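Heads up: the sequence shown is residues 1 to 303, going by the UniProt record's numbering.
Treat the hints with caution; some may be incorrect.
As the list claims (entries may be wrong) - Simulated pairs of lysine-lysine, BS3-like, Cα-Cα distance not exceeding 30 Å:
1. K241 - K58
2. K58 - K27
3. K253 - K264
4. K257 - K277
5. K48 - K112
6. K111 - K256
7. K48 - K256
8. K279 - K227
9. K256 - K277
10. K58 - K43
11. K264 - K58
12. K240 - K58
13. K58 - K217
14. K241 - K261
15. K277 - K111
16. K227 - K257
17. K48 - K111
18. K19 - K41
In case anyone wonders, no lab produced these hints; they're calculated from the structure.
Only a predicted model underlies this, so the values are computations on that prediction, with no experimental measurement involved.
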Amino acid sequence: MAFIKVQKTRAYFKRFQVKFKRRREGKTDYRARNRLINQDKNKYNTPKYRFVVRFTNKDIIAQIVSASIAGDMILASAYARELPQFGLEVGLTNYAAAYCTGLLLARRVLKKLEMDEEYQGNPEASGEDYSVEPAESRRPFRALLDVGLVRTTTGNRVFGALKGALDGGLDIPHGEKRFAGFSKDSKQLDADVHRKYIYGGHVATYMKTLIEDEPEKYQSHFSEYIKRGLEADNLEDTYKKVHAAIRADPSPKKAKKQPPKQHKRYNLKKLTYEERKAKLIERLNALNSAAGNDDDEDEDDDE
């Protein structure tokens with residue numbers, strides 16, 4: 001078969017339609033987004049909420065979002081960088097921190113909607129799958145999991161945040177196949193393994209391994225843990241205290257800002273009308289006296 005050169009003429013480029021900007025940038029999966037935000041027409045303007053989870057290098061972002069023509073509207077949000085206020089100062093991007101962030105968002109949005117007393121969720125993070133049951137008065141708050149572009153592998157941290165939101169009292173459609181501890185062979189979730197991840201057990205195991213095999217690396221790798229007195233034995237108790245603190249008061253804390261410093265000002269101070277008038281008179285008197293002195297000197301020279 002002969003090689004035929006593809007001719008892209010002027011007509012081709014005139015009719016070429018570019019993809020959406022966020023698709024060109026590789027930021028949004030519009031096939032998934034379309035299915036997440038499409039609402040039944042008989043529900044009119046009822047918002048369809050998404051439980052959005054995103055990970056950065058140093059933070060975890062969890063938000064309850066609904067789509068509108070004007071753009072996405074944020075109902076509530078929680079960040080892993082808030083966890084130091086609840087007692088967790090290190091390890092803010094692991095599976096256990098993702099669970100805490102999801103739990104914080106769930107309790108926060110329910111408190112905002114005054115549903116926190118009615119839907120307590122699952123206070124004991126046992127690792128078993130949990131789904132909230134509808135109460136007599138109001139139905140549970142429902143949202144759909146939005147994972148973005150992340151690969152939904154078994155044990156991904158996204159599902160740690162999902163588990164935290166479920167235990168917090170949100171109604172999110174899900175299965176247990178992607179939680180940490182699910183076995184592909186037995187097709188069952190090992191609740192003990194999942195509980196281990198929720199309470200940072202995998203981190204504690206690695207800490208013990210490093211202490212035995214590479215003590216020097218342990219000192220450098222877990223230096224922030226050591227500085228705060230966190231060890232493999234007390235890690236689980238720390239996470240339990242964090243969960244209790246989140247449930248006690250999930251409301252966002254306002255950051256304390258330092259008062260602005262008093263800077264030196266070098267611009268001239270404005271004078272009042274009376275001050276300007278007095279200054280002008282003073283200058284005129286000085287000019288007149290100087291002119292009078294010059295006249296006296298000229299008369300002396302003539303003599």
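Right, here's what the structure says about each hint:
1. K241 - K58: Within the cut-off at roughly 22 Å; holds.
2. K58 - K27: Roughly 19 Å separates the two Cα atoms, so the pair holds.
3. K253 - K264: Status violated; Cα separation ~33 Å.
4. K257 - K277: 45 Å, violated
5. K48 - K112: Since the Cα atoms of K48 and K112 sit roughly 17 Å apart, the hinted pair holds (cutoff 30 Å).
6. K111 - K256: The given pair, whose Cα atoms are some 23 Å apart, holds under the 30 Å limit.
7. K48 - K256: 35 Å, violated
8. K279 - K227: 66 Å, violated
9. K256 - K277: Answer violated: K256 to K277 is near 48 Å, above 30 Å.
10. K58 - K43: 39 Å, violated
11. K264 - K58: 38 Å, violated
12. K240 - K58: Roughly 22 Å separates the two Cα atoms, so the pair holds.
13. K58 - K217: With Cα atoms ~21 Å apart, K58 and K217 stay inside 30 Å; holds.
14. K241 - K261: Violated, because 38 Å separates the two Cα atoms, which is more than 30 Å.
15. K277 - K111: 65 Å, violated
16. K227 - K257: Status holds; Cα separation ~26 Å.
17. K48 - K111: 19 Å, holds
18. K19 - K41: 27 Å, holds
The structure does not agree with the numbered hints 3, 4, 7, 8, 9, 10, 11, 14 and 15 stated previously, though it agrees with the rest.
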